[in-house]
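**Q** Just so you know, the sequences run in chain order A and B. Those letters in the first sequence? Residues 1 to 173, by my numbering. Those letters in the second sequence? Residues 1 to 472, by my numbering.
If you are wondering where the hints come from, they were derived from the structure by calculation, not from laboratory data. Watch out, some of these pointers could steer you wrong.
Below, simulated DSS-like cross-link-like pairs (lysine-lysine); rule was C-alpha separation at most 30 Å, straight line [claimed, not checked]:
1. B/129 - A/70
2. A/140 - A/44
3. B/195 - B/129
4. A/153 - A/100
5. A/44 - B/68
6. A/70 - A/140
It should be emphasised that the depicted structure is a prediction, and the values quoted were computed from it without experimental measurement.
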Amino acid sequence: MSKAIKSSLFFLFSIFYPALLQAGPYLSLSPAQIEIVTSADTGKPLMLDLRLGYAYQAHQIELVAMQSTKADSINLLTIDAPSAKSILYRYSSEPYGRLKSYLILGASQIDIRSSYPGSNDVAETYSGASVGIGFEEAFKSIPRLKMKFDWIKLYKGRDLDINTMSLGLRYEF
Amino acid sequence: MNFKIIKLLFIALMLPILFSCSDPENETPLVNQIRVASQDIIAINFPADTETILSVDSEYSFKLEGLKSNGLDRVNINQNIIWSLSTGANSTINQDGKLSAAGTAENITVTAQFGYLTTSIDIRISAAKFDQVIALHEADISIEMCQTQNIIPIGRYIDASGNEEIRPVDSTIINSIEWNALDSQSNPSQSAFIKTLNTQTSLTALAAGDIKITATALSLFSGNETTSEAFDLSIGNHLSLLKICNASASDLSTCSLNTIDIEQNNSLAIMAVGRYLNTDGSNQDINITAATKWGLTDSSVLSLQLSSDQQQLNITGNIADNSTSLSFACGDIEQNIQSLDVSQGIVLDEAISCAPGDLNCLQGTAIINVNALQISSLEVKVNGTAISHNQLFSLSSRPADITLQVNGNFADNSSRDLSNDGDLTYQLIATQPAVVEAVSGSPGVYRVLTAGTAEIQIQYQSSVFIALIRIP
């Protein structure tokens with residue numbers, strides 16, 4: 001794990017430890033589309049996004065693990081994101097409403113694999129700070145269950161950006 | 001705990017990370033692979049016509065092409081190419097692939113990188129200067145009448161020591177050459193022409209026979225305008241069939257047009273197709289519109305215009321309900337074309353014909369009928385208010401006159417005012433007592449006589465509109 005992720009993890013846990021004692025844990029599960037963006041084209045493999053988190057008032061902290069479900073193709077290029085890990089902090093300005101919006105900050109690490117005829121296979125890991133926005137709405141019949149949408153920039157590089165879009169469910173225990 | 005402070009601290013920590021964690025070196029292999037894959041390319045190369053000897057102080061734009069993954073098709077690559085020259089080169093190249101040759105002779109290597117693909121080409125910057133064209137084409141030319149063929153003229157270049165270089169005329173000279181076709185008596189001939197477009201030179205043969213071609217250009221070696229020797233050119237005649245087809249036809253062997261119907265003010269694109277007998281006995285059908293001579297019996301009925309690339313002839317109908325004959329020929333025609341610039345195409349305002357018994361001329365004709373533009377619907381207004389066909393329209397007060405304004409919508413989606421068109425007819429359906437009467441000399445205008453319902457039938461071509469107007 002990169003230095004940036006380790007430092008962020010340590011920092012976040014040290015800050016939130018007292019709050020976490022009073023927080024409710026939650027679990028979320030979503031299909032996610034990864035966008036591997038270059039100036040020439042964009043690859044869009046699919047992943048399964050599993051998150052474990054704790055919420056306290058307007059604040060949430062969550063650990064994210066993503067696993068590939070479907071590679072994408074650009075002509076004869078096969079591009080996939082086998083796995084990704086993130087630690088994210090989420091802040092909502094309206095923590096008690098049914099409809100919430102979130103600012104998301106954190107750090108991520110994502111593996112990318114690609115292969116194309118006539119060239120060496122590429123296997124790289126990209127790590128960096130992450131930023132995004134999220135929206136969620138609680139179900140009226142089951143208020144602990146929420147429908148959520150997140151857009152997160154997992155990696156911002158010089159020639160390459162990696163984003164994720166996910167739409168799924170979050171359940172507060 | 002004060003979460004506002006926590007939040008601010010967190011943001012303060014994360015923002016620097018956001019802009020410091022990227023790793024450009026890690027990105028390169030993936031970005032390069034996506035760049036190549038996005039164009040479906042598996043290899044790159046310089047086009048076959050890339051010039052490999054360039055003159056000092058000249059400029060040349062390199063091009064790069066890619067081989068598609070099907071292993072057959074090639075495409076031009078125009079973006080995201082990294083251009084470079086070999087170490088120590090005095091010449092320079094920009095990232096658009098434009099090379100500025102040094103002022104002294106040198107051998108350099110030009111390298112193009114696209115994604116992870118790289119290709120190079122050796123270039124010699126030569127101090128030899130262009131003197132004159134010494135050959136019409138780099139190989140023997142075999143051309144038939146009404147055919148067009150790309151050629152690569154060969155030039156002589158001489159350096160300060162008098163050493164000669166024989167090589168294709170470079171792109172800085174090729175556009176400045178003036179080409180002339182001469183007959184056997186060295187008089188100007190209209191049997192062929194040569195023109196250069198975007199550094200590509202093409203020879204078009206208009207009639208069979210033996211001619212001579214000369215090239216005149218400024219000699220950079222001597223500083224004088226120099227005319228080459230006359231190059232002999234024999235134009236063959238293996239044309240067995242001449243016909244016209246719709247320009248959109250894909251199978252040139254079976255397409256044909258004998259009678260053409262077009263609507264007034266509409267256009268139709270056609271092409272001339274020539275069938276040539278190959279040496280192996282097979283036939284080859286080619287679009288020879290550019291070298292075909294075109295004529296009209298009555299040029300007021302139609303107008304003809306060659307497309308800018310001369311690959312099709314656009315016919316536009318001018319006068320409805322008329323016909324005329326379109327004549328076309330390949331070879332020497334009877335009509336005089338000496339004053340024409342044949343490189344612009346030959347379209348005459350008269351019928352064209354081959355001399356009887358002239359085996360080096362093929363001709364054909366087609367009848368073109370110009371029909372009136374078909375109407376699709378009529379729109380009618382009564383004193384400025386739109387009404388519907390066969391539906392009662394009630395006026396709120398009794399006017400002195402009723403004026404009908406008729407607009408026609410046509411099949412080509414155009415529309416125009418037909419109120420004063422001579423082909424528009426108004427028929428007042430008689431009633432007892434008469435509610436309105438036509439105003440003499442003013443079609444579409446009716447004087448109101450009394451209260452009641454007036455029915456007026458309006459017709460243009462096959463379209464009929466019934467106006468029912470209730471007058472209070």
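**Q** Run every hint past the structure and note whether it holds.
**A** Hint by hint, here is what the structure shows:
1. B/129 - A/70: Measuring from Cα to Cα gives roughly 62 Å; hence the hint is violated.
2. A/140 - A/44: The hint is violated at about 33 Å.
3. B/195 - B/129: It holds: about 23 Å lies between the C-alpha atoms, which stays within 30 Å.
4. A/153 - A/100: holds, 20 Å
5. A/44 - B/68: holds, 23 Å
6. A/70 - A/140: Violated - the C-alpha atoms of residue 140 of chain A and residue 70 of chain A are around 33 Å apart, more than 30 Å.
In this structure, the earlier hints numbered 1, 2, 6 are contradicted, and the remaining ones agree with it.
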